[in-house]
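Colleague: Take the sequences, apply the hints, and build the full model.
One-letter residues, chain by chain:
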Amino acid sequence: MATESIDRKCMIAVRRGDFEAFEQLYHHYYRRLYSFFYRLCWDAEHAEDLLQETFIRLWKGARHFDTKSSLAPYLYRIGKNAWIDFERRRGNRKTWDAGGAVEGKSGTEVLHEALSINDPATTMKLDKRGPGLLGDAQEAVAAAESERPEEKAKLREIEQDVRAALWALDPDKRLVVVLCFYQGLKLQEIADILELPLGTVKSRLFHAERKLRESLQHLVSEK
Amino acid sequence: MTDNDTSKGENEDHRTRKVSEAGDAVVSDAELSPLLMVLGELGEKEREELVRRADGDPALAAELRKLSEHLKAHQGVRKIAPKRGSFSRLAERMKREKHLDAVTPGVHSMWRRAFVLGIMALIACGILLFTFLREAPVGETNATAILHQFGEKGARGKSSPIELNKRDAAGEWGAEINLATGQRSVTTSVKLARHSEFELLDNNHLRLYSGWANAVQVEKEALYPDGFIIETPNARFVSHGGSYSIKIEGEVSYLCVARGKVEARPLLGDTRGRIITEGQCSSVVQSQMAADPTGMIAMQVEPYGGDRRALITITNRSRHRLRVVPATDATSFHYLLSVSADTEPGSGVPGIAEDFAVFPIEVPGSGMASKGWVTLEPEGALGSNQYKFVADLKAALPGIRETDLTIAARYNGPVDSDDFGELKDLPWISPYARFDLKTTRTPEKPE
Numbered sequence: 112m113a114t115e116s117i118d119r120k121c122m123i124a125v126r127r128g129d130f131e132a133f134e135q136l137y138h139h140y141y142r143r144l145y146s147f148f149y150r151l152c153w154d155a156e157h158a159e160d161l162l163q164e165t166f167i168r169l170w171k172g173a174r175h176f177d178t179k180s181s182l183a184p185y186l187y188r189i190g191k192n193a194w195i196d197f198e199r200r201r202g203n204r205k206t207w208d209a210g211g212a213v214e215g216k217s218g219t220e221v222l223h224e225a226l227s228i229n230d231p232a233t234t235m236k237l238d239k240r241g242p243g244l245l246g247d248a249q250e251a252v253a254a255a256e257s258e259r260p261e262e263k264a265k266l267r268e269i270e271q272d273v274r275a276a277l278w279a280l281d282p283d284k285r286l287v288v289v290l291c292f293y294q295g296l297k298l299q300e301i302a303d304i305l306e307l308p309l310g311t312v313k314s315r316l317f318h319a320e321r322k323l324r325e326s327l328q329h330l331v332s333e334k
Numbered sequence: 215m216t217d218n219d220t221s222k223g224e225n226e227d228h229r230t231r232k233v234s235e236a237g238d239a240v241v242s243d244a245e246l247s248p249l250l251m252v253l254g255e256l257g258e259k260e261r262e263e264l265v266r267r268a269d270g271d272p273a274l275a276a277e278l279r280k281l282s283e284h285l286k287a288h289q290g291v292r293k294i295a296p297k298r299g300s301f302s303r304l305a306e307r308m309k310r311e312k313h314l315d316a317v318t319p320g321v322h323s324m325w326r327r328a329f330v331l332g333i334m335a336l337i338a339c340g341i342l343l344f345t346f347l348r349e350a351p352v353g354e355t356n357a358t359a360i361l362h363q364f365g366e367k368g369a370r371g372k373s374s375p376i377e378l379n380k381r382d383a384a385g386e387w388g389a390e391i392n393l394a395t396g397q398r399s400v401t402t403s404v405k406l407a408r409h410s411e412f413e414l415l416d417n418n419h420l421r422l423y424s425g426w427a428n429a430v431q432v433e434k435e436a437l438y439p440d441g442f443i444i445e446t447p448n449a450r451f452v453s454h455g456g457s458y459s460i461k462i463e464g465e466v467s468y469l470c471v472a473r474g475k476v477e478a479r480p481l482l483g484d485t486r487g488r489i490i491t492e493g494q495c496s497s498v499v500q501s502q503m504a505a506d507p508t509g510m511i512a513m514q515v516e517p518y519g520g521d522r523r524a525l526i527t528i529t530n531r532s533r534h535r536l537r538v539v540p541a542t543d544a545t546s547f548h549y550l551l552s553v554s555a556d557t558e559p560g561s562g563v564p565g566i567a568e569d570f571a572v573f574p575i576e577v578p579g580s581g582m583a584s585k586g587w588v589t590l591e592p593e594g595a596l597g598s599n600q601y602k603f604v605a606d607l608k609a610a611l612p613g614i615r616e617t618d619l620t621i622a623a624r625y626n627g628p629v630d631s632d633d634f635g636e637l638k639d640l641p642w643i644s645p646y647a648r649f650d651l652k653t654t655r656t657p658e659k660p661e
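Protein chains in written order, with the numbering used here: chain L, 112 to 334; chain X, 215 to 661.
Hints should not be assumed to be uniformly reliable.
Stated by the list, open to error - Below, computed lysine-lysine pairings styled on BS3-like, alpha-carbon distance capped at 25 Å:
id, chain 1, residue 1, chain 2, residue 2
1, X, Lys475, X, Lys434
2, L, Lys322, L, Lys191
3, X, Lys405, X, Lys372
4, X, Lys312, L, Lys171
5, L, Lys297, X, Lys259
6, X, Lys638, X, Lys602
7, X, Lys475, X, Lys638
8, L, Lys265, X, Lys280
9, L, Lys297, L, Lys191
10, X, Lys309, L, Lys171
11, X, Lys638, X, Lys405
12, X, Lys434, X, Lys405
13, L, Lys191, X, Lys312
14, X, Lys309, X, Lys297
15, L, Lys191, L, Lys120
16, L, Lys120, X, Lys309
17, L, Lys263, X, Lys280
18, L, Lys297, X, Lys280
19, X, Lys312, X, Lys297
20, L, Lys263, X, Lys297
21, L, Lys322, X, Lys280
22, X, Lys280, X, Lys259
23, X, Lys405, X, Lys475
24, X, Lys405, X, Lys367
25, L, Lys297, L, Lys322
26, L, Lys297, L, Lys179
27, L, Lys179, L, Lys191
28, L, Lys191, X, Lys297
29, L, Lys265, L, Lys322
30, X, Lys434, X, Lys638
31, L, Lys191, L, Lys171
32, L, Lys171, L, Lys120
33, L, Lys179, L, Lys120
Rather than coming from a laboratory, the hints here were simulated on the basis of the structure.
This one's a predicted model, so the numbers in the text were calculated from it and none came from an experiment.
Modeller: Given below as structure tokens:
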């Protein structure tokens, strides 16, 4: 609530052309949004472009923002539209194949770029919501930061598999999965952002999860 | 449940159909609930219910386990963040793409501050310029005082700016002075007869040393706080709008007003002013107050060869050549007899009871020309300044009781002038004259 209040104050200032308030908003949201874009397009450069595009659109459209509403869903909606435009420009061309090659870079290089630290959104929801069945999720994250080299390599393999599985999803389903699994948003919030009925979001998520689980069957079985 | 199942269902709600239209297979609540539980989207009661069910249903328990394992696989994906300095890169891009040039975010760059200030300054300049042009003090527009010397037959000759406080003169064919008034598109013009000498003291102040300003035109819109002033050696004439002329003859300054009003007063002595209105003339002699005004045209009616006939005379009293419509023009009745009902002579100016058209029976000296204009030369000039005709009263006053009558002659037609154009609707009327129509009971036959 306090965050929303600060966001509102910042947006009012941004509407007046206050660039410092804009910077404050940027620092509040940039990691989350960067992660969002990265999981959608799996390219650091494109993710940063989309991040910039989102904040430029926020700046330009600041006077249209209703200060009574929350900023986060508004930002995600801008981000989603920016990504859709980006995909249209790209002609929905998949630049990353299952082997991990991305436009001249090897899959490993891309992965190394991607695997920097402090992605706050990753599994954040699982930390909060899975007290019974997902109780060890937090431990898994903590372990990832202090793992041994062989475990690190194994995690990277997992990541590569997850990335391939996500990339194989339809864009609309991938969007729902990223917002839900990686951004930790509630289904209703996702429905609001995507401007879809809640049932559609649930349905997409259900089918996406099924397909992902099939793709990652070996990882699920190993566990 | 499949797409086909959904499309076949008759009782599906709107939401279900929408989901179906979106291209996603519809999922039942029972199928969804394990996923919702893992995601923490279920309420406490629903979660407990599901856990209880999972205890007795190995398939459900296995599904929950698989879901949990699957989500853990996603947890294995490491966190990610942009490279350092991402905001600096964003700021640079915004600067490069000129997103920061606008006064407020998203406002088109044409409204950037400098542009807006420039536009405002331009508007302010426009207002100032407009105000200046409309209401500039008269003294500052001297550069627009121009003297046009006439050539033969009124053609314009040389034009030159007039130097202030310098005596100058009109040429052989006269001249015209045009003066700015401080009001756009409004000028004051002064026509000068040949060899008239003048000096311009200001744009609203002319000194006439000799000659004749035969047509002075001052517009009412002219911004003259003190009026337009013409000074002669002995008089001062001020107008706030009108057409008039001023002529200097020796020690007398003649004024003739065709339109508007002019105040006349001597420069010395009895400096009381007198207002001369349109259709009137006056004069200022030496240092005396301006003379009583007289009409530019004087009318007179008098008995002619007995009371049954009247001689009507129209006289030009101005310094201008005038033209009037002849009385014999049968197309219109410009000459009238105003007959008073007052039968007691000597009781003052009687009220007019009735007007009758005049029928001339004789025009001494000029025949019975019935069309065009009759020219009345200026007073004191060669040629006649009068037009006379005889009217038969008995014929002109049908039905009037034969008694003593007080009659005045009126002219309500136009008066044309070279200097002022056509003057209309001015009151030209003669003094009243007494006619005794009782003396002759038998009407005479017209001659």
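Colleague: Looking at the structure, which of the earlier hints fail to hold?
Modeller: none
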